[in-house]
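Guided by the hints, dock chain B onto chain A, whose structure is given.
There are 2 protein chains.
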Amino acid sequence: MPKYKGYFIDLDGTVYRGKHRIPAARRFIERLQAKKIPFLFVTNNTTKMPVDVVRNLSDNHDIHVKPENVYTAGLATADYLDDIADPGKENRTVFVVGEKGLKQALMQKGFVITPHHPKFVTVALDDQATYKDFAIATLAIQHGATFIGTNIDTNIPNEKGMLPGAGALVDMVRYATQTQPIVIGKPKTIILRNALKLIGLKKDQVVMVGDNYMTDISAAINFGMDSLLVYTGVSTPQQIATKKIKPTYQIKSLDQWKL
Amino acid sequence: MPKYKGYFIDLDGTVYRGKHRIPAARRFIERLQAKKIPFLFVTNNTTKMPVDVVRNLSDNHDIHVKPENVYTAGLATADYLDDIADPGKENRTVFVVGEKGLKQALMQKGFVITPHHPKFVTVALDDQATYKDFAIATLAIQHGATFIGTNIDTNIPNEKGMLPGAGALVDMVRYATQTQPIVIGKPKTIILRNALKLIGLKKDQVVMVGDNYMTDISAAINFGMDSLLVYTGVSTPQQIATKKIKPTYQIKSLDQWKL
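Protein chains in written order, with the working numbering: chain A, 3 to 261; chain B, 3 to 261.
Looking at chain A on its own, in the form it has when it is part of the complex (with noise of 0.2 Å):
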């Protein structure tokens, strides 16, 4: 096994369950700290900003990381938009249906968020959409603006159940608007394409680790990275025995990974 100078992270399923914890996460995570390997939580997420993912994983999980080390589906967004976006402040608008995650992210680039006329629509997880919004989406893409989901998982684990994730929603626009969108989010490849920019390394250079194969584990063989499953998720060794491409490697705890 080689050894890797960076480390991209996925949050739930690789370094906690929901509110359960897994210690060999917490050690792995302590490994590379103590070995200043750098290492980014690369997650799908855009309702939180890094701040509220660090006093998470600080509050309930006993691992104490910098908001530096947290790269979100809403930060990647906002890094492309301000990638693609013309110059010209009249060109920096967008309408967003998404969380306080991604709106910061956009206005930090300096993105003015309106329902007129934008030149971008972003689709993400927002537990406070309404038909009207979608209707806003919809009308704009019409009129041409670039229409972009974050990323396009099915659903959103909470303690009701499996409720509709950013995926529903993205899916939705995409259906009134006949539009595929551009997707951020693993299994899509702009977030580690992005991530690579940020943790400023090569792409032989850094492994993705992850437990759910449809997402961190695609992304990364699409983006032509090593990939490391590790079975504390979603993923099975039955499910994965049935894929044609595999991780590169597959582990059953953080513990057995050296560095």
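Hints are computed from structural coordinates only; laboratory data are not their basis.
No incorrect hints appear here.
Which copy is meant is left open, because identical chains are indistinguishable; a pair holds if it fits in one copy or across any two.
Heads up, simulated BS3-like pairs for lysine-lysine below, C-alpha to C-alpha not over 30 Å straight-line:
(1) Lys205 - Lys111
(2) Lys260 - Lys68
(3) Lys50 - Lys134
(4) Lys21 - Lys134
(5) Lys91 - Lys162
(6) Lys134 - Lys162
(7) Lys102 - Lys162
(8) Lys102 - Lys134
(9) Lys50 - Lys111
(10) Lys50 - Lys7
(11) Lys245 - Lys205
(12) Lys205 - Lys248
(13) Lys50 - Lys38
(14) Lys134 - Lys91
Using the frame of chain A, we list chain B on its own:
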């Protein structure tokens, strides 16, 4: 051309065009009435009740019909649930994403509308729908409720443009539940099957009249019923030239149609 004993007639694009009148359609309805030939307006609308449809035709289009002449996808959904619900009051419970036309139709068939453990979930156009509604619908279907989509229209035109149609709302719940809905409205055939029961005729005695190949004519083709495409709305002769299965008849104006 055979003499049909009954007519199913689409509304928007066929009998009127938004707020614009189609005088040949008014004359066609008056000829049907003079000859006492039974007809039903078969419409994917679920927001209006038949009395609302009648009032719109009367007030804005000088077309005078009875509520009994109107068969909406809302009514067809209620008739379908009435058919398939198990006996017993406890089995006549439904969670509705949808407006008055659908809710009234369901209540008139003795269904109780509730978010708590419904046996059915119906999803229709609803301009007051929120994420919370979609979450309730998604969880109920995951817990075993039967998923009904009233129709799969991509858009609903209004003065602002092409807003998300019922199909966009249905598609969101389909994505979040990974469950295919039972669809009632055109181009699916349940609405026609139920309309046929209501008009009391056989399939080969009735023709479906409409302007839209993708909904009206496709429904008739799927159901095995004759169809009459009138070029006063969505479909054009150029589009129909590319279709393998043609409408039974194509005309420019309902004035050309002999009863």
